[in-house]
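J.: Given next are the chains, with one letter for each unit.
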Amino acid sequence: MSDLEPVIGIDLGTTNSVVATVQGGVPRVIPNRSGQLLTPSIVAVAKNGKKLVGHLAKRQAITNAENTVFAAKRLIGRRWGSKEIEDARRVLPYELVAGPEGNDVRVTVAGRPYAIPEISAIVLAELRADAEAWFGRSVRRAVVTVPAYFNDGQRQATKDAGRIAGLEVMRIINEPTSAALAYGFGKQMEKKVVVFDLGGGTFDVSILDIGKSVYDVVAVGGDTYLGGEDFDRRVMDWLTFSFAKENGGIDLRQDKMALQRLRDSAEKSKCELSSVPSTSLHLPFLVGGGDGKSALHLDKQLSREKLEELTKDLVDRCIAVTEKTLRDAAVRTSQVGEVILVGGMTRMPRVQKAVKDFFGREPCKGVHPDEVVALGAAIQAHALAAGPKEGTEVLLLDVTPQNLGIMVVGGYFQTVIGRNTTVPTSQTHLFTTVQDNQPSVRIAVLQGESDKAIENELLGEFILDGIRPARRGEVSIEVTFDISADGIVGVSAKDVETGQQQSITVTATSGLTEDELRRIMDEHLDELLEKKSTTGEFDLRRERAMSAIREIESLVPAVQAALERSKFGKDAVQKAEGVMARVRQAIDARDGKVLAEAEADLDRTLQLFKGLAGAGSRPTSAATSGR
Amino acid sequence: MNVANLAELLDHGIKAYLQGRVAEARTVFERVLATDPSNQKARSYLILMHGGSVSGPGRPVAAPPQAAAAAPPRAGGAPPGGAEEFAPSPWDDGPASAGTFVLDAGGGLDLTAVAEKSDLRPLVPEAPHVAGQAPAAKSDVQVWLQAARELHALGDFSGSLELIEKILQIDPEHREAREYLTQNEATLIAMYESKLGPLTSVPRLAIKPEEVMWLNLDHRSGFLLAQIDGAVDYDALFALSGLPRLDTARILAHLIAEGVITSQ
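So the sequences go chain by chain: A and B. So in our numbering, the last spot in the first sequence is 634, and the numbers never skip. So in our numbering, the last spot in the second sequence is 265, and the numbers never skip.
Calculated from the structure, these hints are not laboratory results. Don't be surprised by glycine CBs; every beta carbon is placed ideally from N, CA and C. Be aware that one or more of the hints could be misleading.
Said to hold, decoys possible - Subject to a maximum C-alpha distance of 27 Å in a straight line, what follows is the list of computed DSSO-like cross-link-like pairs (lysine-lysine):
| id | chain 1 | residue 1 | chain 2 | residue 2 |
| --- | --- | --- | --- | --- |
| 1 | A | 90 | B | 209 |
| 2 | B | 16 | A | 300 |
| 3 | A | 54 | B | 167 |
| 4 | A | 307 | B | 209 |
| 5 | B | 209 | A | 300 |
To be verified - Here are the simulated distance ranges between beta carbons:
| id | chain 1 | residue 1 | chain 2 | residue 2 | range |
| --- | --- | --- | --- | --- | --- |
| 6 | B | 171 | A | 94 | 29 to 35 Å |
| 7 | A | 147 | B | 214 | 46 to 52 Å |
| 8 | B | 232 | A | 119 | 26 to 32 Å |
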């Protein structure tokens with residue numbers, strides 16, 4: 008395997024992302040270039056125009072909120088005007104606009120509109136670069152995870168993001184399935200597994216039926232606006248009110264810098280309280296004192312008990328959502344074989360206790376909840392790259408993520424191809440008319456899990472007309488769904504007696520046209536090439552500078568000899584050493600700008616030394632010739 | 002005298018100077034210097050009033066110091082320390098590391114290099130000015146502009162910038178003020194950044210974390226200091242700060258000068 012090109016698994020999260028691989032048969036998380044295992048899924052253009060990704064983007068997310076895009080996952084593959092986008096527009100500080108076709112969503116950052124897959128691509132490209140730095144070689148293939156409830160459009164948009172980032176997305180797999188894979192479930196066991204995923208911004212509960220390498224996500228539930236950030240906000244509110252009480256009503260929320268520090272500190276202390284009973288928050292010079300007074304400090308102790316008190320209702324909400332999901336799926340807690348914890352928030356002892364109390368069993372804790380999804384994706388990527396020969400790992404099949412069907416009378420949804428059907432596949436159902444002499448029928452192709460058509464995603468529609476006059480229920484209309492291996496859905500409707508037929512082809516789309524996708528990919532490629540050429544230019548300058556330094560150093564003895572005979576330029580060698588030190592420092596720091604600036608000084612020093620060394624040798628030769 | 006009183010006194014002196022009450026202003030600035038000998042602003046204004054030249058080694062002069070040359074010899078007692086010690090600029094200490102400018106054969110700064118580095122260009126010619134004359138007939142804008150020109154010529158770019166900002170509050174389109182704004186800012190940024198060393202170097206706290214609260218900082222410095230974690234470089238700090246580049250550079254240079262942070 009080590010000879011093969013490396014493959015990676017990526018957990019592209021709403022709040023944080025993680026990249027992992029399998030090395031020497033062991034799955035492991037790849038740290039980013041700053042040494043951290045988690046990379047915030049945040050992209051920003053700073054006020055000075057610099058593009059920031061990950062931790063740096065997060066650290067200015069409040070002070071530069073309008074140009075910082077977070078939680079792009081909530082928007083990916085969504086249509087403009089959908090309920091999810093309208094909800095997001097109410098709470099997001101950055102601007103969302105309709106795409107050029109009017110049906111997809113764009114986000115405006117520093118005055119430039121970006122397609123949502125483009126934002127996700129920037130995060131994926133960062134993770135890819137981290138993996139490349141770690142492997143020391145190019146990485147081109149990845150398995151990427153998505154929530155189980157993502158429809159084809161959202162999955163396609165995630166794939167497009169991968170393409171823009173220069174990755175071949177080998178497979179898109181469900182996050183709960185990935186978590187189960189990381190625990191090695193599915194090899195010799197048949198049981199129901201609940202995945203309790205409390206991340207930074209969302210809460211998902213999934214019930215999986217696992218058996219003989221089949222991972223069936225039988226039910227999903229959750230709250231897309233409940234996560235670790237809500238816990239942070241409770242701590243921030245507590246700090247803000249305490250501070251106002253102690254400092255004559257000064258409201259920290261009015262100061263973006265103070266708020267940014269408050270949030271960073273609240274998150275940090277919350278994480279610390281998972282392992283220690285108490286922590287202190289110390290923020291010196293947090294906010295101006297007003298009326299020319301000195302800046303004020305914040306000093307506060309936060310105990311685990313207090314945190315639990317502040318966030319009790321949030322934990323209760325998680326359990327209520329879990330209970331509802333199980334009830335809807337008609338699954339009793341006693342039927343659950345394992346509970347897997349996913350997401351950083353599940354490290355909170357109070358959350359773990361609530362889960363244990365609810366299910367009446369200890370949840371699985373063997374794999375770090377922040378890493379478990381990425382590790383599963385890495386295992387799947389490894390299995391796909393190794394092929395069936397190794398045969399030791401579970402190879403997931405490409406399946407339909409949600410039910411596919413049409414709208415029937417009463418506004419209901421009739422499934423034609425069920426969820427988790429292996430593709431390619433073809434299914435036919437018979438339908439009939441609802442009115443006497445009905446001349447035509449409207450076929451609305453939908454995807455989703457709801458019995459109500461309106462709650463599902465409309466993929467396309469067409470009219471089949473020319474139906475022969477007949478009493479209602481006497482006409483047979485055959486509706487056929489074909490899904491190709493590429494995920495292209497063909498739907499046809501045929502009047503069985505007359506042979507009159509209409510059809511439609513539906514391709515999962517991210518909202519980007521192929522032309523647009525290519526243009527964006529070209530732009531990103533140009534950016535990459537520009538980065539590489541800057542690196543090449545630096546290497547060239549470094550070589551030139553080092554060559555000049557070697558030449559100067561070789562001239563030093565001759566120059567010193569010349570200077571001993573002169574009243575001037577006694578400090579020339581010292582100055583030259585200063586210039587050379589500056590150049591070396593720029594090389595060590597890989598600072599191309601400073602190196603370029605120092606080049607002229609280095610050249611001047613070299614010319615000066617050549618001149619001095621030449622002058623030093625001339626009188627000697629003149630004296631010799633004079634003899 | 003506490004800091005607030007000192008600032009008040011300084012403000013009083015500036016107002017007196019701008020309104021032409023030069024003798025009163027001089028007394029006030031001398032009182033400021035007696036309390037705080039390192040007060041750069043008071044020194045700069047005293048130089049203005051005394052017409053002192055600051056074109057010695059190590060002092061950048063953006064335009065020929067016509068005003069200083071045209072000024073009459075200093076009357077009365079010289080301010081403490083003499084003109085040569087006035088208006089210390091950030092150049093005085095020399096770059097903190099990796100100086101960007103080449104010293105010429107005779108020592109001192111290569112002013113051409115400074116000009117290139119800071120995008121400094123020749124200014125519009127200065128109007129002749131005789132120190133001590135009351136600009137009573139001029140509008141506030143004219144007085145401030147004249148003072149800004151002189152401070153600029155003396156190398157007090159911060160003082161000049163402060164006045165230019167006052168002018169632009171009244172007349173945002175003032176052409177000459179805008180030129181001075183650009184030049185002052187570019188020069189100051191270059192000066193402060195030269196203290197930081199390469200922008201790819203990583204600053205670290207040079208004092209114990211528990212000592213931070215004993216410093217005298219404002220909340221913006223506090224914010225920037227909180228971002229210094231031994232992992233982010235200066236380039237990233239400029240992006241993170243959300244402050245204008247000049248303010249960020251000034252705060253960082255100040256933190257280095259005070260020994261609060263150090264570069265690696």
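J.: Look at each hint and say if it fits the structure.
T.: For each hint, the structure was consulted:
Distance hint between residue 90 of chain A and residue 209 of chain B is unfulfilled; the C-alpha atoms sit about 51 Å from each other, more than 27 Å. With a CA separation close to 23 Å, the supplied pair residue 16 of chain B and residue 300 of chain A stays within the 27 Å bound. Between the alpha carbons of residue 54 of chain A and residue 167 of chain B the distance comes to roughly 24 Å, so the proposed pair stays at or under 27 Å and holds. Straight-line distance between C-alpha atoms of residue 307 of chain A and residue 209 of chain B comes to about 19 Å, which keeps the hinted pair within the 27 Å bound.
Between residue 209 of chain B and residue 300 of chain A the alpha-carbon distance is near 25 Å, which keeps this suggested pair within the 27 Å criterion. Range check, residue 171 of chain B to residue 94 of chain A: about 46 Å between beta-carbon atoms, so the 29 to 35 Å window is missed. Here the CB-CB span from residue 147 of chain A to residue 214 of chain B is close to 51 Å, well matched to the stated 46 to 52 Å. Between residue 232 of chain B and residue 119 of chain A the beta carbon distance is about 29 Å. The supplied range of 26 to 32 Å therefore holds.
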